[in-house]
Each structure stands twice: as C-alpha cells, then as structure tokens.
Amino acid sequence: MPTLRLSKIPVKMRCYCLLLFLLLGVSVPGLNAEREEDLYTVKVTRDNIDPDKVFLLIDKSDYRLYLYEDVTLRKVYKVVFGSRDQSDKQLEGDHRTPEGTFHIQSKRFDKSWSRFMLLDYPNEVSWTKFHQLQSEGMLPANASIGGGIGIHGVEYDSGIRDNYVENRINWTLGCISMKTQDVAELYEIIKVGTPVVIRR
1 MPTLRLSKIP
11 VKMRCYCLLL
21 FLLLGVSVPG
31 LNAEREEDLY
41 TVKVTRDNID
51 PDKVFLLIDK
61 SDYRLYLYED
71 VTLRKVYKVV
81 FGSRDQSDKQ
91 LEGDHRTPEG
101 TFHIQSKRFD
111 KSWSRFMLLD
121 YPNEVSWTKF
131 HQLQSEGMLP
141 ANASIGGGIG
151 IHGVEYDSGI
161 RDNYVENRIN
171 WTLGCISMKT
181 QDVAELYEII
191 KVGTPVVIRR
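Just so it is clear: in the sequence shown, position 193 is 193 by full-length UniProt numbering, and no numbers are missing.
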C-alpha cells in the first residue's frame with residue numbers, strides 16, 4: 001500500500017489531504033507508531049499542541065480515536081460506539097455510529113456525560129446516503145435520519161463506567177463514548193470546527 005508524503009503541501013491543505021487519504025485506506029505517517037503504548041498515556045494540552053492543526057480519526061474496527069496534529073499522531077484513546085453493530089448509521093433509532101467526515105459543531109459540559117462534543121451529523125453526504133437508501137426501498141419513506149451524534153464520556157447515572165470502554169462494550173445510541181479522564185483531556189484541546197473522520 002502506498003505511503004503518503006506531505007512535506008511540501010501547504011499546512012492549511014495537509015489536514016484535508018490526510019482526511020481524504022485515510023478514507024481511501026492509504027497509510028499515513030504515524031498511524032502505525034512504533035511506540036504506540038506511549039501514545040495512550042502521554043499528556044496532551046494546549047501548551048504542547050496546536051488546536052488549529054488537530055484532527056481526529058475514529059476507527060470503529062479497532063475501537064480507537066487517533067488524535068493528529070498536522071501529520072503527526074499525538075495521542076490514542078480507547079472508545080466505544082452505538083450498541084447495535086458496527087455498520088454505518090442509516091436512520092434515527094438504529095443505535096449505530098455514522099461513518100464519514102464530520103466537524104465538531106459545538107462543545108458543552110454535560111451533567112450525564114461529563115463533556116459533549118456535537119458532530120455536524122447529518123451533513124450533506126449523510127443526507128445523500130439516506131435518500132439513496134430510501135430510493136432503493138431500503139428505508140421507509142417516512143424514516144428520519146436522526147441527529148445529536150457526538151463524542152462524550154460515560155454515563156455514571158446509568159451505571160456505565162470506564163470499564164465499558166476498556167472492555168469494548170458498545171452502549172450508546174450512536175455516539176462515541178470515551179473514558180471520563182480522556183474526554184476531559186480531549187475537550188480542552190479540540191475546538192469548534194475540528195475535522196473528525198469516522199471509519200470502519
């Protein structure tokens with residue numbers, strides 16, 4: 001598989017080039033880091049990372065969220081997903097996590113989940129896939145695409161703890177769930193508009 005070289009691409013374009021190549025399955029620098037274990041424990045803050053250069057890759061197949069700064073993999077977090085299965089979200093209430101390229105739309109502290117970072121799902125591509133499934137008779141004509149998908153912590157009020165994430169127990173309605181300490185760290189780094197790729 002070819003390896004992407006980005007050294008001569010202007011900084012503003014690198015993030016979107018990486019997003020495109022990640023979706024195409026092309027290997028990128030840092031994805032197979034030699035010291036991957038260190039990337040689970042390293043502390044990242046706004047003092048040692050530039051939020052304007054950050055993007056997130058979420059891989060449903062290995063239950064990981066990869067935090068990149070420009071072309072460098074800086075941190076790896078464990079995550080879990082919607083409780084149904086690992087396929088792409090199709091409609092409201094299917095308890096699946098959507099796939100594609102999104103952006104952080106808003107951020108807030110949350111009573112139930114500690115932190116919540118809303119994604120701009122459904123976006124234009126999401127709607128295109130949804131209408132295509134409807135036209136093929138795969139979804140009811142009166143189906144709703146859903147929304148309110150984001151990245152958040154665990155749900156202590158319901159007995160959901162960090163061990164759900166550690167043990168890969170998918171429990172959400174379609175969101176991405178992180179450990180409490182991890183979501184607090186990520187929340188302080190990313191900003192509204194941060195690109196997020198979700199793939200399987």
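Possibly wrong hints are sitting among the right ones.
Unchecked claim - The list that follows gives simulated cross-link-like pairs (lysine-lysine, DSSO-like), each with its CA atoms no further than 30 Å apart:
id: 1; residue 1: K43; residue 2: K53
id: 2; residue 1: K43; residue 2: K111
id: 3; residue 1: K78; residue 2: K129
id: 4; residue 1: K78; residue 2: K43
id: 5; residue 1: K129; residue 2: K111
id: 6; residue 1: K107; residue 2: K78
id: 7; residue 1: K78; residue 2: K111
id: 8; residue 1: K78; residue 2: K191
id: 9; residue 1: K53; residue 2: K191
id: 10; residue 1: K191; residue 2: K129
id: 11; residue 1: K107; residue 2: K129
id: 12; residue 1: K111; residue 2: K191
id: 13; residue 1: K43; residue 2: K129
id: 14; residue 1: K107; residue 2: K191
id: 15; residue 1: K107; residue 2: K43
id: 16; residue 1: K191; residue 2: K43
Unchecked claim - Cβ pair distances, simulated, as ranges:
id: 17; residue 1: N48; residue 2: T128; range: 30 to 40 Å
id: 18; residue 1: D59; residue 2: Q132; range: 23 to 33 Å
id: 19; residue 1: P140; residue 2: N48; range: 15 to 25 Å
id: 20; residue 1: S112; residue 2: N167; range: 12 to 22 Å
id: 21; residue 1: R168; residue 2: D52; range: 16 to 26 Å
What the hints contain is simulated information worked out from the structure, not anything from laboratory work.
Bear in mind that the values here come from a model prediction, so they are computed numbers and not experimental data.
Heads up, the beta-carbon is just placed ideally off N, CA and C, and yes, glycines get one too.
Pair hint outcome, K107 versus K43 [Cα-Cα no greater than 30 Å] = Holds: K107 and K43 sit about 21 Å apart, inside 30 Å.
Given hint K129 paired with K43 - CA-CA distance at most 30 Å | 38 Å, violated
Would the pair K78 and K111 pass a check requiring their Cα atoms to be no farther apart than 30 Å?
-> With a Cα-Cα distance of about 22 Å, the restraint between K78 and K111 holds, given a limit of 30 Å.
Under the criterion that the straight-line Cα-Cα distance not exceed 30 Å, is the pair K107, K191 satisfied?
-> 8 Å, holds
Could you grab the alpha-carbon distance between K107 and K78 and see if it respects the 30 Å cut-off?
-> Cα-Cα ~20 Å, so holds.
Straight-line alpha-carbon gap K43 to K111, limit 30 Å | Holds - the C-alpha atoms of K111 and K43 are around 25 Å apart, at most 30 Å.
Quick one, are K78 and K43 close enough, alpha carbons at most 30 Å?
-> Since the Cα atoms of K78 and K43 sit roughly 15 Å apart, the hinted pair holds (cutoff 30 Å).
Would you check the hint for K111 and K191, treating anything up to 30 Å between C-alpha atoms as holding?
-> With Cα atoms ~20 Å apart, K111 and K191 stay inside 30 Å; holds.
Could you see if the CB distance from R168 to D52 stays within 16 to 26 Å?
-> Hint violated: Cβ distance 32 Å, outside 16 to 26 Å.
Going straight from one Cα to the other, do K107 and K129 come out at no more than 30 Å?
-> Roughly 26 Å between the alpha carbons, so the hint for K107 and K129 holds.
When you check the alpha-carbon spacing of K78 and K191, does it fall within 30 Å?
-> This hinted pair holds, its Cα atoms lying about 20 Å apart.
Given the hint that K43 pairs with K53, does the C-alpha gap stay at or below 30 Å?
-> 17 Å, holds
Of the hints listed earlier, those the structure fails to meet are numbers 5, 13, 19 and 21, in rising order.
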